[in-house]
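Q: In this text, residue positions in the sequence shown follow our numbering: the first is 2, and each later residue adds one.
Calculated from the structure, these hints are not laboratory results. Errors might be hidden in some of the hints.
Distance ranges between label pairs, derived from CB positions [unchecked claim]:
hint: 1; residue 1: 98; residue 2: 48; range: 19 to 29 angstroms
hint: 2; residue 1: 169; residue 2: 147; range: 15 to 25 angstroms
hint: 3; residue 1: 40; residue 2: 137; range: 31 to 41 angstroms
Ideal Cβ positions, reconstructed from N, Cα and C, are used throughout, including at glycine.
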Amino acid sequence: ADYGCFPPAYVADDKGRPLHTWRVLLLPYLDPTLAAQYRYDEPWDGPNNRLLHARTPAVYRCPSDPSPGISGITDYVVIVGPGTVFEGGNKYTTTEEIADGLPGTLLVVEVAETNIGWLEPRDLRIEQVSGAINAPKGDEVSSEHPGGANVLAADGTVHFLSEGRPAQDVHGLATKAGDEAVSLP
Numbered sequence: 002a003d004y005g006c007f008p009p010a011y012v013a014d015d016k017g018r019p020l021h022t023w024r025v026l027l028l029p030y031l032d033p034t035l036a037a038q039y040r041y042d043e044p045w046d047g048p049n050n051r052l053l054h055a056r057t058p059a060v061y062r063c064p065s066d067p068s069p070g071i072s073g074i075t076d077y078v079v080i081v082g083p084g085t086v087f088e089g090g091n092k093y094t095t096t097e098e099i100a101d102g103l104p105g106t107l108l109v110v111e112v113a114e115t116n117i118g119w120l121e122p123r124d125l126r127i128e129q130v131s132g133a134i135n136a137p138k139g140d141e142v143s144s145e146h147p148g149g150a151n152v153l154a155a156d157g158t159v160h161f162l163s164e165g166r167p168a169q170d171v172h173g174l175a176t177k178a179g180d181e182a183v184s185l186p
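Put together the whole structure using the sequences plus the hints.
A: Next up, the structure:
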């Protein structure tokens with residue numbers, strides 16, 4: 002609301018190299034103390050920022066994750082790619098651009114065992130997503146919860162996507178203006 006748009010998936014330098022993730026851009030709203038320690042004048046894995054890796058904000062970890070001892074890893078990612086809210090580096094999306102409607106468009110999805118550091122400007126690419134919930138492949142919408150995974154819609158509501166949901170629904174929900182006839186539960 003402060004900027005009239007959603008943050009980009011990542012901030013890139015003039016050569017297109019990812020520097021800072023959306024998770025860091027939200028830090029001033031989630032943990033101002035930690036945000037004050039992050040240095041935007043160095044990349045996410047720079048000497049100062051690297052020291053913050055183990056201090057994953059609780060909001061970026063699923064309470065049901067059985068491996069809370071793995072520090073620095075996030076359970077929540079965005080789906081990045083053409084047609085999504087997060088098209089890539091330095092690309093912002095306004096609410097007006099979400100023609101499919103805020104309640105029917107995904108912002109953040111849960112992915113079990115991402116092996117993605119919360120500071121790392123890396124997320125789930127739309128091309129990787131088969132759409133199957135809790136598929137054994139790994140890089141999918143998944144969780145440690147039986148029966149499905151949590152997602153955050155563009156209107157700020159959280160929903161549970163069940164494993165039995167048609168695979169094409171995830172792709173439809175991930176686009177911002179695809180005019181698909183799918184909705185969140």
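Q: Tell me the numbers of any earlier hints that the structure contravenes, in ascending order.
A: 1
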